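Quick mapping for you: the protein sequence lines, in order, are chains A and B. The first sequence begins at 478 in my numbering and counts up by one. The second sequence begins at 88 in my numbering and counts up by one.
Simulated from the structure, these hints should not be mistaken for laboratory data. From a predicted model like this one, the values you see are computed outputs, not experimental measurements. Note that beta-carbon positions come from the ideal geometry of N, C-alpha and C, so glycine has one too. Mixed in with the good hints there might be a few duds.
List of simulated lysine-lysine pairs, BS3-like, C-alpha gap at most 30 Å [said to hold, decoys possible]: (1) A:Lys598 / B:Lys344; (2) A:Lys575 / A:Lys642; (3) A:Lys556 / B:Lys228; (4) B:Lys377 / A:Lys566.
Anything over 10 Å on all C-beta distances counts as not near chain A; from chain B, calculated [to be verified]: (5) Gly150; (6) Gly186; (7) Ala212; (8) Glu265; (9) Glu269; (10) Glu277; (11) Asp315; (12) Ala348; (13) Thr349; (14) Gly352; (15) Ser359; (16) Pro366; (17) Pro384; (18) Leu416; (19) Val423.
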Amino acid sequence: MTDASLNPAAPKSLLTADARTRNRRAAEMRFRMIGLSAVLLGLVALVFLMVSILGNGVGAFRQTFVEIPVMLDPAALDKSGNRDVEQMKKVTTVGYGKLIEKALGAELVARNIDTQGLTSKDIMGLMSKEAPADLRNQVLANPDLLGQTITFNGFATSRVDGFFKGRVTMDSALRDSNISPEQLTVAQAMADAGLIEVKFNLSFLTAPDASELRPEAAGLGVAILGSAYMMLIVLALSLPIGVASSIYLEELAPKNKWTDMIEVNIANLAAVPAIVYGILALALFINFAGLPQSAPIVGGLVLTLMTLPTIIIATRAALKAVPPSIRDAALGVGASRMQAIFHHVLPLAMPGILTGTILGLARALGESAPLLLIGMVAFVKDYPAAPPEGLMQPATALPVQVYQWTQRSDPAFVERASGAIIVLLVFLLIMNAVAIILRRRFERRW
Amino acid sequence: MSVMKLSASVIAIAAVSATAAMARDNVQVSGSSTVLPYATIVAEAFGENFDFPTPVVEGGGSGAGRKKLCEGVGENTIDIANSSSRIKQSDIDLCTTNGVAEIMEVRIGYDGIVFASDINGPEFAFTPADWYNALAAEVVKDGAIVANPNKTWADVNAALPAQALLAFIPGTKHGTREVFDEKVIVEGCETSGAMEAFKAAAGGDEDAAHDKCMALRTDGVSVDVDGDYTETLARLSANPNAIGVFGLSFYQNNTDKLRVATMGGVIPTVESIAAGDYPVSRPLFFYVKKAHIGVIPGLKEFVEFFVSDDMAGPEGPLAAYGLVSDPELAATQQMVADEVPMGPLN
Numbered sequence: 478m479t480d481a482s483l484n485p486a487a488p489k490s491l492l493t494a495d496a497r498t499r500n501r502r503a504a505e506m507r508f509r510m511i512g513l514s515a516v517l518l519g520l521v522a523l524v525f526l527m528v529s530i531l532g533n534g535v536g537a538f539r540q541t542f543v544e545i546p547v548m549l550d551p552a553a554l555d556k557s558g559n560r561d562v563e564q565m566k567k568v569t570t571v572g573y574g575k576l577i578e579k580a581l582g583a584e585l586v587a588r589n590i591d592t593q594g595l596t597s598k599d600i601m602g603l604m605s606k607e608a609p610a611d612l613r614n615q616v617l618a619n620p621d622l623l624g625q626t627i628t629f630n631g632f633a634t635s636r637v638d639g640f641f642k643g644r645v646t647m648d649s650a651l652r653d654s655n656i657s658p659e660q661l662t663v664a665q666a667m668a669d670a671g672l673i674e675v676k677f678n679l680s681f682l683t684a685p686d687a688s689e690l691r692p693e694a695a696g697l698g699v700a701i702l703g704s705a706y707m708m709l710i711v712l713a714l715s716l717p718i719g720v721a722s723s724i725y726l727e728e729l730a731p732k733n734k735w736t737d738m739i740e741v742n743i744a745n746l747a748a749v750p751a752i753v754y755g756i757l758a759l760a761l762f763i764n765f766a767g768l769p770q771s772a773p774i775v776g777g778l779v780l781t782l783m784t785l786p787t788i789i790i791a792t793r794a795a796l797k798a799v800p801p802s803i804r805d806a807a808l809g810v811g812a813s814r815m816q817a818i819f820h821h822v823l824p825l826a827m828p829g830i831l832t833g834t835i836l837g838l839a840r841a842l843g844e845s846a847p848l849l850l851i852g853m854v855a856f857v858k859d860y861p862a863a864p865p866e867g868l869m870q871p872a873t874a875l876p877v878q879v880y881q882w883t884q885r886s887d888p889a890f891v892e893r894a895s896g897a898i899i900v901l902l903v904f905l906l907i908m909n910a911v912a913i914i915l916r917r918r919f920e921r922r923w
Numbered sequence: 088m089s090v091m092k093l094s095a096s097v098i099a100i101a102a103v104s105a106t107a108a109m110a111r112d113n114v115q116v117s118g119s120s121t122v123l124p125y126a127t128i129v130a131e132a133f134g135e136n137f138d139f140p141t142p143v144v145e146g147g148g149s150g151a152g153r154k155k156l157c158e159g160v161g162e163n164t165i166d167i168a169n170s171s172s173r174i175k176q177s178d179i180d181l182c183t184t185n186g187v188a189e190i191m192e193v194r195i196g197y198d199g200i201v202f203a204s205d206i207n208g209p210e211f212a213f214t215p216a217d218w219y220n221a222l223a224a225e226v227v228k229d230g231a232i233v234a235n236p237n238k239t240w241a242d243v244n245a246a247l248p249a250q251a252l253l254a255f256i257p258g259t260k261h262g263t264r265e266v267f268d269e270k271v272i273v274e275g276c277e278t279s280g281a282m283e284a285f286k287a288a289a290g291g292d293e294d295a296a297h298d299k300c301m302a303l304r305t306d307g308v309s310v311d312v313d314g315d316y317t318e319t320l321a322r323l324s325a326n327p328n329a330i331g332v333f334g335l336s337f338y339q340n341n342t343d344k345l346r347v348a349t350m351g352g353v354i355p356t357v358e359s360i361a362a363g364d365y366p367v368s369r370p371l372f373f374y375v376k377k378a379h380i381g382v383i384p385g386l387k388e389f390v391e392f393f394v395s396d397d398m399a400g401p402e403g404p405l406a407a408y409g410l411v412s413d414p415e416l417a418a419t420q421q422m423v424a425d426e427v428p429m430g431p432l433n
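Kindly produce the complete structure, drawing on both the sequences and the hints.
Encoded structure:
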C-alpha cells in the first residue's frame, strides 16, 4: 500500500495473470471486437443506404420550371364566345399545346435567343407534356383569364430537368433519342435569360402520379392521401379491437386450454408474412363482401388484420406490467372488476399501449405486399374524395408508389422513387419519435 | 365504454358505406407490364380530356390480368385485361364458366424485342442461329449432337467479337420470353439445321425436337431475369460483357446507356418493325368485358380513345413511346365502334 501511495501513477495489481486468465481475457476481448464490428457493419450499411437514397432523391424536391408569358387567345380557346365552361372543355390539351408552342417561340424571338435551327416542335419538346393540361385546368377553373396575358409556369421535360441537375450531359444527349444537344443549348440560353429556373417543387408532394411520358409531373399526392386514409382505418379499428381483446384475455378470461390456444395463435399470426393477408383480403373483402378494388377501405382492413396481433401483444405486455397491487387495492376498496380496469389499470398501461400501436401503424405504413393483391398497386391519377366516400375510391399508398416508380423505364423515375423513399422514411421517423416520446414521458416504472 | 361505442360506430359506418358505394364510376384495367405504360399514357390523356374519371391501371402480368378478367361479371371485377400475348383457350373456358360470355379482342399495335449491350462495348450483328448456338443446351457440331461447348461469341460465329457469352433473358413468366423462344431460339434451331438433326435423333417426333430446341443451357451463360427491364439494365451495368433482352420502348428511353444489336441485318426501329423487316416482334392486345359496356361509365369511350388515331396512330404519343402502330388500326376502330365480340380461337 505504501508503495502504491508513493507512486500513484502506476498502481499495479499484485496478481500475475496465468495462462487461463490470459485466455479468458483474450476471449472477452475477441467477443467485444465481434460485437463492435457487428455494430460498425450495421452503421456502414445505414450510412451507405442514407447516402445513396439522399443522393438520388433530394433532386426530386427541386424541379426545373419554364416561365413564359402566354396570351390566352379567346378565339382559340372559347369558340362559342360565351365563356361557358362546358363549351370550353371541347378544346383539348392539343389546342392548349399549340398556344404554348406559339408563346414559347415568340418569347425566344423577343429575348433574342438563338434557336439553333430547331423547329418550333423541337423547342416545345423542352416543355413537359403536362404543361398543356396544366394550362387547360387553370383556364377551366377561371374562365375570366381568357383574353389576358398570364405568366405561365410549366414543368420542363425530364431530360432538361436532368441537364440542370447533372444527370443528362451533352454527351449523353448525343446518343439520346429523346433530346438533342441543340435543344440543351437552347435550354441553357433560356436559363441564362431567366426563363428556366430550378426551384422547390411542392407538386412532388401534392400532385398525383403521371405516366411515363411525363415523369417530371409525377407526385405523391394520391399515395400520401391513400396511406393516410388507410392509417385512419387501421387506427380506428385495430386500437379498440386490440385493446378490448387484450383486456379480456389478460384480465377477465379464465385460464384454460382455449385461451392458451388463442394466445399461441395470436403470437403465430404476428409472424405470418404480409402477402398471406393480401390473399385473405382478396377472398374475403373483395370476392365475398363485394368491396371495390383498389380502395383504401380494403387496404385499411387488411392492414388492420396485420397490425392486430402486434397491438394485442404490446397491450398485453403493458397490462401485465401494471403491478397486481394496483388491482388488489382497487378491488379491496370495493371497485368492481370493470372499474378497477378502466379507472386504474388501463390508464397506467396507456403509454405502453400507444407505443405498441404506433409501432404497429409504422409497420403497416411501410407495407406493400398485401396491397398488391387487392389492386392498390396501380396507376391512380384522380384524388380520392374526403372520407367516408373517399375510402371507397381508388388510391395507392406510399410504399406502392416507390415500387411502381422503380419499375418505370425513364431514368427520371429513379430520382422520384428515392424521393418517395425519403418521404416515407420521414413519416416513419416521426411516428417512431412520437412512440419514444410517449414512452419516455408517461411510462411509469415500479 | 367509449372505446366500444367508437368501434361499433366505425364498423357501422364501414358497412353502410360499403353498400352505398357499389356503383363504380372509373374504368379498371389490369394485366401485362409491357402494355402498362401504354395504358397509363392513354388513361392520363383520357382523364385530362374527358369528363370521366381517370381509369385505374394495374400491372401484374398478362396471365394474371386475363384470369382476373374472367373472374366474373360485376363491379368488383375488372373491365379490361392488358395482354402481351394472345388469350388462351383455357382463359376463354374460365370466362365461360364464370359467366363472362362475350369479350372483345383489341389489338393496339406491335412491340419489338431488341438485343442490346453496354454502350461502351463492341457492335453486335446477330442472327437467330447465333443465339441458338450460344444459348441452347445441345447443339449440332460436325454432324453430331453435343452439349454446347461455345464459350465466346466468336466461337458461335467468327464474325462476332470474341466476348464471353453471357445473356440476360426474360424469365418464363414474361410474355416476352415466349416470343424470344419462338422467334429467336426455335427459328435459329431451324435455320442452323439442328432441328432436322434433333428430329432424326428422336425418330421423326416433331414435338420432341421442338422441346430440344428450346432447352437452354444451365451453366450460367443464359440468365433468366424475373424482374422487369430495369433489373436487366442494372445487371447489364454490373456486367458490361453481357447482352440483354429489352422491349423496344425501354431501349428508346435508355439509348444513352445501351447499344442495340441488329438481328438478321436489320436495326430495330418503329419503322423496320412496322414494315415487318425486323423479325422479333409481337402484337399487343387488350381484352374488354362486353357485359360492362354501358354499365361502367366511360368504358366504351376509353376503348375508342385508346385505338383512335390520336393515341395509337403512327403520329400519336404511343408511337412516340415505342409502340409500333398497327397498319390495320382502322379495322380495329370499326370493330370497337360496333362492339364485335371475339370469335373462337383459330
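Assertion that B:Pro366 lies outside the chain A interface [Cβ separation over 10 Å]: holds, 22 Å
Can we trust that B:Glu269 is non-interface, i.e. its beta-carbon lies farther than 10 Å from all of chain A? Holds, because the least Cβ-Cβ distance between B:Glu269 and chain A comes to about 24 Å, which exceeds 10 Å.
Minimum Cβ-Cβ distance from B:Glu265 to chain A exceeds 10 Å: holds, 20 Å
For B:Ala348, is the shortest beta carbon distance to chain A beyond 10 Å? holds, 15 Å
Going by Cβ atoms, does B:Leu416 stay more than 10 Å from chain A at every point? holds, 19 Å
Assertion that B:Ser359 lies outside the chain A interface [Cβ separation over 10 Å]: holds, 15 Å
Given as non-interface: B:Gly186, partner chain A, CB spacing beyond 10 Å: holds, 14 Å
Take a quick look at B:Pro384 and tell me if its Cβ sits farther than 10 Å from every Cβ on chain A, holds or violated. It holds; B:Pro384 is separated from chain A by about 13 Å at its closest Cβ, greater than 10 Å.
Run the C-beta distances from B:Val423 to all of chain A and say if the shortest one exceeds 10 Å. Its Cβ never comes within 10 Å of chain A, the nearest being 20 Å, so this holds.
Report holds if the minimum CB distance from B:Glu277 to chain A is greater than 10 Å, and violated otherwise. It holds; B:Glu277 is separated from chain A by about 32 Å at its closest Cβ, greater than 10 Å.
Taking C-beta pairs only, is B:Ala212 more than 10 Å away from all of chain A? About 19 Å separates B:Ala212 from the closest Cβ of chain A, which puts it past 10 Å; holds.
Within 30 Å, alpha carbon to alpha carbon, are B:Lys377 and A:Lys566? Holds: B:Lys377 and A:Lys566 sit about 29 Å apart, inside 30 Å.
Checked against the numbered hints above, the structure violates hints 3, 11; every other hint is satisfied.
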